[in-house]
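Q: Residues per chain are reported as follows:
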Amino acid sequence: MHTVQVQGLVKTFDGHVRARRRGRGDRVRALDGVDLAAEPGEYLVLLGPSGCGKTTLLRTIAGLEQPTEGEVLIGGHVVNGLPPRVRQVAMVFQSYALYPHKTVRDNIVFPLRAERMARDERERKAAWAADLLDIGPLMGRKPRQLSGGERQRVALARALVREPAVFLLDEPLSNLDAKMRATARDELKRFQERVGTTTIYVTHDQAEAMGLGDRIAVLERGRVRQVGTPQEVYDDPADTFVATFIGSPPMNLVRRDDLLVGFRPEHLLPEEVVPSGERVAMPLRVERMEYLSGDRHVYGTVSGIGEETRVIARLPATVTTPLVAGEEHRFAVEPHRLRFFDAEEGTRAPAVPVDGGPIGGAR
Amino acid sequence: MTTPVRTGGDMDALRRRYALRHLAARCGVYGAAVLAALVCALPFLWSLVSAFKQNRDLYNPQSNPFAFNEPATPDHVTFLFTDTPFLTFVGNTLLVGALVVAVTLLLALPAAYSLARLDRPWGTPMGIAIFMVYLVPPSLLFLSLTRVVVTLGLEDSLWSMVVVYPTITVPVSVWLLIGFLKAVPKDVEEQAMVDGYSRIGAFLRAVLPLLFPGVVAVVVFSFTLTASEFVYALAFVSASPEMVVSTGVPTQLVRGDVFFWQSLQAATVLTAVPIAFVFNLFLDRFVTGFTMGAVKT
Amino acid sequence: MTSTRTEAATAAPDVRGKARLADREGFLAWAMLLPSVVYIVALVGVPFLLAIAFAFSDVTTGDPSFDFVGFDNFRAVFDDGVFWRALRNTLVFTLASMVLIVVFGKILANILVADFHGKWFVRFLVLLPWTTPVALSTISWLWFLDSIYSPVDWVLRHLGLIDGNVVWLGRPGTAMASVVAVQAWRLTPLAAVIVMAGLVAIPRDIDEAARIDGAGFWRRMVEVTIPLTLPVIAVAALFGAIMTFTDMTVSYVLTRGGPTHATDVLASWAYFRGIEGGDVGQGAAIALFLFPLLLAGAIAILRAVRRLEAG
Chain F
1 MHTVQVQGLV KTFDGHVRAR RRGRGDRVRA LDGVDLAAEP GEYLVLLGPS
51 GCGKTTLLRT IAGLEQPTEG EVLIGGHVVN GLPPRVRQVA MVFQSYALYP
101 HKTVRDNIVF PLRAERMARD ERERKAAWAA DLLDIGPLMG RKPRQLSGGE
151 RQRVALARAL VREPAVFLLD EPLSNLDAKM RATARDELKR FQERVGTTTI
201 YVTHDQAEAM GLGDRIAVLE RGRVRQVGTP QEVYDDPADT FVATFIGSPP
251 MNLVRRDDLL VGFRPEHLLP EEVVPSGERV AMPLRVERME YLSGDRHVYG
301 TVSGIGEETR VIARLPATVT TPLVAGEEHR FAVEPHRLRF FDAEEGTRAP
351 AVPVDGGPIG GAR
Chain Y
1001 MTTPVRTGGD MDALRRRYAL RHLAARCGVY GAAVLAALVC ALPFLWSLVS
1051 AFKQNRDLYN PQSNPFAFNE PATPDHVTFL FTDTPFLTFV GNTLLVGALV
1101 VAVTLLLALP AAYSLARLDR PWGTPMGIAI FMVYLVPPSL LFLSLTRVVV
1151 TLGLEDSLWS MVVVYPTITV PVSVWLLIGF LKAVPKDVEE QAMVDGYSRI
1201 GAFLRAVLPL LFPGVVAVVV FSFTLTASEF VYALAFVSAS PEMVVSTGVP
1251 TQLVRGDVFF WQSLQAATVL TAVPIAFVFN LFLDRFVTGF TMGAVKT
Chain S
2001 MTSTRTEAAT AAPDVRGKAR LADREGFLAW AMLLPSVVYI VALVGVPFLL
2051 AIAFAFSDVT TGDPSFDFVG FDNFRAVFDD GVFWRALRNT LVFTLASMVL
2101 IVVFGKILAN ILVADFHGKW FVRFLVLLPW TTPVALSTIS WLWFLDSIYS
2151 PVDWVLRHLG LIDGNVVWLG RPGTAMASVV AVQAWRLTPL AAVIVMAGLV
2201 AIPRDIDEAA RIDGAGFWRR MVEVTIPLTL PVIAVAALFG AIMTFTDMTV
2251 SYVLTRGGPT HATDVLASWA YFRGIEGGDV GQGAAIALFL FPLLLAGAIA
2301 ILRAVRRLEA G
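Chains as they are written, first to last, in the working numbering: chain F, 1 to 363; chain Y, 1001 to 1297; chain S, 2001 to 2311.
Worth flagging that the hints you see were computed from the coordinates, not collected in a lab. Be aware that a few hints might be false.
Unchecked claim - Here are some of the chain Y residues that sit facing chain S, going by a computed Cβ distance under 7 Å: (1) Cys1040; (2) Phe1068; (3) Ser1139; (4) Val1249; (5) Pro1274; (6) Ala1276; (7) Asn1280.
C-beta atoms are modelled at their ideal positions from N, C-alpha and C, and glycine is treated no differently.
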């Protein structure tokens, strides 16, 4: 097992074609000083909106792009300037990039033939990989005769046979339909646990990231905003970007002086169902409600703890408090659920005591 | 894991090796590019140099063909413009080219749209049949076409070329345009039809503007084919005021055994450079159009 | 939606009939295709049948009246040794040129899709041989292969490879080699453009996957690039073959079929007999001979296109 590290990684595209195509002459900074490390055997997910640089980061680690500045280390060695083939990386592309003219078997043994492995050894490895991924019966087929899920497994098998130092996966589930995606996600996770290879996984889907990652690195505009376990990233977002990018619906942010007070929709509940003891109460004028698989999403405006702000509350099915659109109801949040951010910088700020006001009144 | 354990020193050596290899690859690319350019363009360089040579220089087997061994002279280039109808030929070529391009677009655009979009069971075989016409060569048809041209009373007139050349350009253009049409999303014309245009209205107002790159590719390609055609031009027209460059220059500057070499070379370069220049401008479009047509006909 | 419906409901009947005509796909499909079909039938189909008719007639330039003579023209043509010579020459000319065109076209295409500075200029230079009117570029070659002043000979002399002159066009072997070389030189850029189309159509992912899988330049070339572009290469080969097979210009301008018919091809022989010799019937008979071979080539193109579709 190997570590993968990147230090001070900067990647600019000044390729005139690319710049011109986007209608601007200046350089595009796809990566803007990225420091990141994946521990041996770790499942690290790179999460971010499209254009945040996550794919560029993955391709730079693979050796398909050379960094403008900074270093890539695999197993503790700087691999800058080395082509992909000596980096011992395996990659699964979004499109799977199976060789359309080769059978499944030939696809899988292709990396081994590039290594000049003996034929019987090759066949043994291919059989092992096919068995692991349960694609034995497909070995004689061409990629176009396979379903999306089968293609994905073939691509994994092709990545697996070389026993690479690192797996790099670039949105491998995005070409599957929603139903397939859940099972494929589960398979991916179990597969990695069995193989134990360090894996870096790129996605824009937070559900995938939460479900798969040992740790998640949230990227935006070429920078790492936060690295942490799914729970840390969700419960303790490092800044307002992470707070609003992760979670659906996103974290509510209410401005209070030069701070933003944040709380998750599921923590904003009618006052009577919040465990008694300390709680921050606030009046909420209900505007609209949605019923989503048992949960109630309540859209409304809160006042009392800061400026009047539109927020969303997510009430579990067990909360049956009657709510009517247009009326005001008292909601509350447990104080330890509150997160504070600097209103200017968006970064985390130390907690301050907050108290709600009386219904309809000013704070 | 079978990954061999590597030491830092090993990695440095590897890195140096691949840096060298990379450098070698870059040199290889540049070397190959220069070589390719030379093989293709060296004759034109020769032509360019020869065009300005004095007779004493040109007709001396000992003198360096790449350099001026005697002072250069513009006389032969001037001769081309003043003493031969070269400019008439150029004008005729442009006129024939423009008219052929217009006829080609008028015929090929609706045909391509019909084959690509208005799915009929006969669409694919018809498309292939039209493409096959491109394979029927001038050398097979010029004898009977000469007769047709005479019947139409167009012999020795550049109109004969305007009438006949689209037989060469239409099939290829239909093929190219089908390719470009496949790249125009169907939604666009469906939107136009929902917005109240007829099928034809949708084609004219929504599809045609998006097809502009394809139209440009067709214009350039048709013009190139037209300008280089030789067999029909030779068979149909023998009066020099009606000739185009590709036949006029050889007949005017080769009088029996006498070749006006420098002027010929000048005419070649003067014709070749603008066409190649324009073609190069649209090469990428042409390339994409060709693939799309090829993949989806 | 609502507005369209009201409009249709309130519109006068004749307007509705017109609208339906412009919207009826079956009618439109024919109407838009018809001009091209009529034009092609008139100026390709009819002349083609006329050519067949000529081949069975005694039409000459001097006596354009049509008399049926059966297979006389074919008999006369077959009895002439030059015809068989021309047929053999055509095959040699086509095969040799095609091989050169495909090999160099593929190499050239690979160079032209690579990334380097000055690519635009190199592409411009590379396109020159194809975009130049064939008659003009061939005349330039006539000078380069001249028996006394040939610059090619001058270079070879200075490299110490020959004494005196090769007289390229004066000897059967070198004359054929020259004709093949010029034809290959002139059509290679077209083949390169076609192969380029295939190369740029390969998804970038596939090439990158091969690089990740550890394949070097040659393995990628042999196992990924060439198999994936094979259909396009086939198209380029057949384009080259058909354009060479039916071409008469290069041999007509360069050697006039000489020396002693060493470079006469079917197309040029048909031209000499039919137009310059005035025997339209025999010329047509010779030209008609191109057709079955062409048809075979056409079917091969069709197959290549089919393979593209399937791939």
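Q: Take the hints in turn and mark each one as holding or not.
A: Each hint, compared with the structure:
1. Cys1040: holds (5 Å)
2. Phe1068: This hint is violated: phenylalanine 1068 of chain Y lies away from chain S, its Cβ roughly 14 Å from the closest one there, beyond 7 Å.
3. Ser1139: holds (4 Å)
4. Val1249: Cβ of valine 1249 of chain Y sits 6 Å from chain S, so the hint holds.
5. Pro1274: violated (9 Å)
6. Ala1276: For alanine 1276 of chain Y, the interface hint holds, since the closest Cβ of chain S sits about 4 Å away, which is under 7 Å.
7. Asn1280: holds (5 Å)
The structure shown violates the earlier hints numbered 2, 5.
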